[in-house]
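Protein chains: 4
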Amino acid sequence: MQFPSDNWSGVHTKIMEAILAANQGSVPAYGGDDLTERARQLFCDTFERDCAVFFVATGSAANGLALSQIVPPFGGILCSDVSHINIDEPGTVELFTGGARLIPIASEAGKITPDQVHSEMRFYNPPEQRRVKASALSVTQGTESGTLYSIAEVEGLCEAARSHGLKVHMDGARFANAVACLGCSPAEVTWKAGVDVLSFGATKNGAMAAEAIVFFNPQQAEDFGSRLSRAGQVFSKNRFIAAQWVALLTDNLWLDMAGKANAAATKLAAGIASIKGCEVVWPTQINEVFATLPDGVAEQMREEGAQFYDWLYPGDKWSGNLQRMVTNYSTSDKEVDFLLGKLELLLT
Amino acid sequence: MQFPSDNWSGVHTKIMEAILAANQGSVPAYGGDDLTERARQLFCDTFERDCAVFFVATGSAANGLALSQIVPPFGGILCSDVSHINIDEPGTVELFTGGARLIPIASEAGKITPDQVHSEMRFYNPPEQRRVKASALSVTQGTESGTLYSIAEVEGLCEAARSHGLKVHMDGARFANAVACLGCSPAEVTWKAGVDVLSFGATKNGAMAAEAIVFFNPQQAEDFGSRLSRAGQVFSKNRFIAAQWVALLTDNLWLDMAGKANAAATKLAAGIASIKGCEVVWPTQINEVFATLPDGVAEQMREEGAQFYDWLYPGDKWSGNLQRMVTNYSTSDKEVDFLLGKLELLLT
Amino acid sequence: MQFPSDNWSGVHTKIMEAILAANQGSVPAYGGDDLTERARQLFCDTFERDCAVFFVATGSAANGLALSQIVPPFGGILCSDVSHINIDEPGTVELFTGGARLIPIASEAGKITPDQVHSEMRFYNPPEQRRVKASALSVTQGTESGTLYSIAEVEGLCEAARSHGLKVHMDGARFANAVACLGCSPAEVTWKAGVDVLSFGATKNGAMAAEAIVFFNPQQAEDFGSRLSRAGQVFSKNRFIAAQWVALLTDNLWLDMAGKANAAATKLAAGIASIKGCEVVWPTQINEVFATLPDGVAEQMREEGAQFYDWLYPGDKWSGNLQRMVTNYSTSDKEVDFLLGKLELLLT
Amino acid sequence: MQFPSDNWSGVHTKIMEAILAANQGSVPAYGGDDLTERARQLFCDTFERDCAVFFVATGSAANGLALSQIVPPFGGILCSDVSHINIDEPGTVELFTGGARLIPIASEAGKITPDQVHSEMRFYNPPEQRRVKASALSVTQGTESGTLYSIAEVEGLCEAARSHGLKVHMDGARFANAVACLGCSPAEVTWKAGVDVLSFGATKNGAMAAEAIVFFNPQQAEDFGSRLSRAGQVFSKNRFIAAQWVALLTDNLWLDMAGKANAAATKLAAGIASIKGCEVVWPTQINEVFATLPDGVAEQMREEGAQFYDWLYPGDKWSGNLQRMVTNYSTSDKEVDFLLGKLELLLT
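Protein chains in written order, with our numbering: chain A, 1 to 348; chain B, 1 to 348; chain C, 1 to 348; chain D, 1 to 348.
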């Protein structure tokens, strides 16, 4: 009954094997090795175009550093009010951008709309030196509420952003889950839709520590290596991060794994929704289920060993009891059934 | 018909005389002069206690620097969503704090409540390393909407803040207007109510460029001179800033001036409210009137020479036409009557 | 016997009159007024070209902000080891650039050479992501040691800088003194010689608080207003700063005043050099005299009311006793003679 | 003939085995797991006292973040002019401290002395708001020149630092090599000698990516988790970093490995010194050899497949040709002999 977070999971066998295989003698440090080059090539193949790819160790670093490249220190970043950069990263964007400000937009089910972007920009456009210069829109795909933007929705947000001169960042900590559910090509939902830079996460999807920053226009990445280096995010033995990506991007392993996590969540959500007194509050489109349970039930479940979190938001975003359950590539049907069984037992 | 902002006004005669009188020969630079010392003493007298007082040149600098002393770089600052630090200062707080984040609270008539502070803090308390560490509450007195907090309301906010370990900053760009209206002692509405540090503005109140940062507990000001110096806010000829404060704080000039500005706004608001089709949307407690006028009227007034601004907010804070009119110490009855006359003419 | 610093001086009568004259009614805030426009035009006239001009309140702010526009946060700035930015501004450059690093070069008599620039750049060129990206050279004119660069020397430094892709900043806190001594046009020693941006100070030259940042290529100033605003350096009543510049730049007042200060220093230096046991250690080319006096003499002079400072450097830059004496526009022959007389009395 | 850097090496078998063994099912993220706890305990055992230990992914991050905890944004950090933080990290210290300044001291063979600390501090003590507040001394052990401080020398530097109110940071990217050579206890050369916080590196010593920050006084680590988190240096699957440390700190593996690297360097240095025309310029005390070779020889060696770097310094620190050769835990006698053989062949 382990549903606390996808980052509690271990490393997929194939990824671990790739790490082991990379441990061959002396190779150039700081990403000058062949394996890093191969990983970079696989990104270009995956996205069907030349990309500038950089490797970092955490998703927070990926988001903050990606944004630092497209937003000036006196800039502003429109984002969902429940985005990870807004409520789960303590000043990371501010640190790496040198002080840019988040402009949170009230989301529904984790999602924001082009109209909301236009509405905010009535205040920020034309730019005025006494206000932050709104410079980018950050879109989370899949969202922190377990939902997805369709390709058309991403296109709509990007169009709205561009009409105000904003660059577009995509927080893809669960990008694999999103693509696996949409069944689209990675290109369609990113640069073809108007995204400039993607934080592409694999750690939640069975890697050890592997996050990538992908600039779809390599020219936008000028001097980005200096930003990484100053942030302490250039790894001397980068081959071991590259190896993880090579494994993931070979034979669609990343999508297979994400698909399994999604399927487990779908099953879990359906099961919970069918239990009296329980409600799944948002569509379960990736690997996260958000549900309300009758009073005291979550606590009882946890006493019996279940692992999932009470989910909080700042201010008056959500009142009452919300539970988040997250699946991952290794979640088994048995685990899902076991949790559902326990829950049913308590509630009938 | 000049109501664009109180900072369009000139310098009060007595303040200009004080500046002239300060121009006597060679005196120590960087605030080591007697006049600076005298100004500091007058602050202590005015607030009825020992204070640590620092002089800066703009209100934005005062807010950002004051907050930088009580909030760590990974900290968060609760504030009204319409506060000057949130919508009219482009990253100043982030710059001086080294990256702290504003946590805007949805205000009504510019004001926030203790309950809202408690509601936000359900998320931020206890502190969690993956969230910003909420560290301070910034209260604007009088507010950006022309309203006031009563002494009891300030006390309530400070109590709520303290119960969560937050320090309290007061943005007093229009502090004089607030005290003049409340008729209280400056101490009552600041440190006696629980405020730690005050940005005390005089530029909007007839000074040339005179803002002060007042720490009510001098021990909280440790090394603050270094913060000012690095920000380029230590003035070699500080005597000329000090002279302005000496003039203002002598014989209650600051309160007389603010009282005049308030009275003009009160008269203006009453006049507008009595004209058909016009509405004053928030109580006019200091020197700002916020009103809605029938379609096209503001534009017509401006064509005829009236000076006041369309007032915008980000997002969906306010839909429709809002006008802000600001009075100052030198606003005459005649000017108010003239504007009201024009308005009446257009609307009848 | 007041020679502590030129910033102990008062405000020149003509400048004060200009401030008084500017106090006429309501005018647009934040530099939207006519006087600011007129000051801007006078800068263009003075430098014989279109410039982008911005006003700030202190020299530290001018330096830090000017550099922030031409140096990225991961950049480096070559400068003299005794430059004001390196030893008298506590992290200002770092604050405003968002973390750029000073690369101090060992100066002689306050001056550095093109060869030294080349020598440093052997390490920093070509750029390498694990090193700061050397991006600018900051040249102090006149220097902190009372010396000057000739036009040819400025040209030489700028050429060296450009050959490595560095932009050039000039710290002109005493620019007036330099131009007055060189007898050249302001253009010759700045943009015609290769300077990109100038911090032009007037506070040490008889203003109240008036520093300007001048970009000789206006396109390099994009978004610079946002940088000023976020730094709390946009003045609502900017007309009073503009008035000072209008007075200074009219009829060459700035050069007359600086010339007087220079002449007093020349006289003082000659006098000291002629007294047995005293040595003027560097050529006195502007308004600062650096001298060594026999043991105990400086202390005795100060006991008798003389004002000048023991001058220190970090590390092993200078061992032994160094005294700095600074003249200003209002220093009289009588004052100089009085000090020399005292000194002679003590030493004969 | 692979001597480019110790970070080109692979991962030691025992460390890789520990990583594999850590891949067991679901465990709490962000360092809440048992293995992380065990690693922490091993640090306390190794240093013979209670410590606050944090894990980061690179040495640059370790240095910058450790210093950010003990130095204010307006602070200064004394360090060797050839320290890694000064010449091989592009603004990392500035980024994480929020703008503190490095104060480089001219080193001999990579080392600085207590007298030099005193000499610098004549300028910085007592603190003056117009200068950076010198707050820490950073000592590199072993140095970037392949040398060591004896225990007595570390004590001397710490005493000098404390006498001026400076905290002491030790950059221990090659701490293992230093301790292995000194044959002392890790405690003796750190907290017992006066060090406050240590950047302890293992990546250069056969780990995959494992750096630790060790505060010897846990109270100095208050809120440090927030600093890590905001820097994107809190790893969700921290167990895999912890596993590396557990392997290293068990049965003195870290010292065995470092000892092997040292021995190889000693042998290499002795060999080079005995070849006509070659000079080893500094004592080889850890795993780095710095040598000058006759003109053209380094290039010839590289053409034949040898890997080592031309070593550069900024400015006039070193003129002429300097070569750096670095050994690691896996360097074999055969490799050393092979390089020496080639060299001899070329030079006889």
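Because the hints were derived from the structure by calculation, they are not lab data.
Bear in mind the structure is a predicted one, so any value in this text is a computation, not a measurement.
Hints should not be assumed to be uniformly reliable.
Same chains, same names: a pair is fine if it fits in one copy or spans any two.
SDA-like cross-link-like pairs, simulated, lysine to any residue; straight-line CA separation at most 25 Å [said to hold, decoys possible]:
| hint | residue 1 | residue 2 |
| --- | --- | --- |
| 1 | 317 | 127 |
| 2 | 192 | 250 |
| 3 | 14 | 26 |
| 4 | 192 | 44 |
| 5 | 14 | 113 |
| 6 | 276 | 20 |
| 7 | 334 | 28 |
| 8 | 14 | 294 |
| 9 | 317 | 81 |
| 10 | 317 | 128 |
| 11 | 260 | 27 |
| 12 | 260 | 219 |
Each hint tested on the structure:
no., hint, result
1, 317 <-> 127, "between (29 Å within a copy, 19 Å between copies)"
2, 192 <-> 250, "within (22 Å within a copy, 52 Å between copies)"
3, 14 <-> 26, "both (23 Å within a copy, 17 Å between copies)"
4, 192 <-> 44, "within (14 Å within a copy, 47 Å between copies)"
5, 14 <-> 113, "neither (39 Å within a copy, 52 Å between copies)"
6, 276 <-> 20, "neither (48 Å within a copy, 43 Å between copies)"
7, 334 <-> 28, "between (45 Å within a copy, 21 Å between copies)"
8, 14 <-> 294, "neither (41 Å within a copy, 50 Å between copies)"
9, 317 <-> 81, "both (9 Å within a copy, 15 Å between copies)"
10, 317 <-> 128, "between (30 Å within a copy, 19 Å between copies)"
11, 260 <-> 27, "between (35 Å within a copy, 20 Å between copies)"
12, 260 <-> 219, "neither (36 Å within a copy, 45 Å between copies)"
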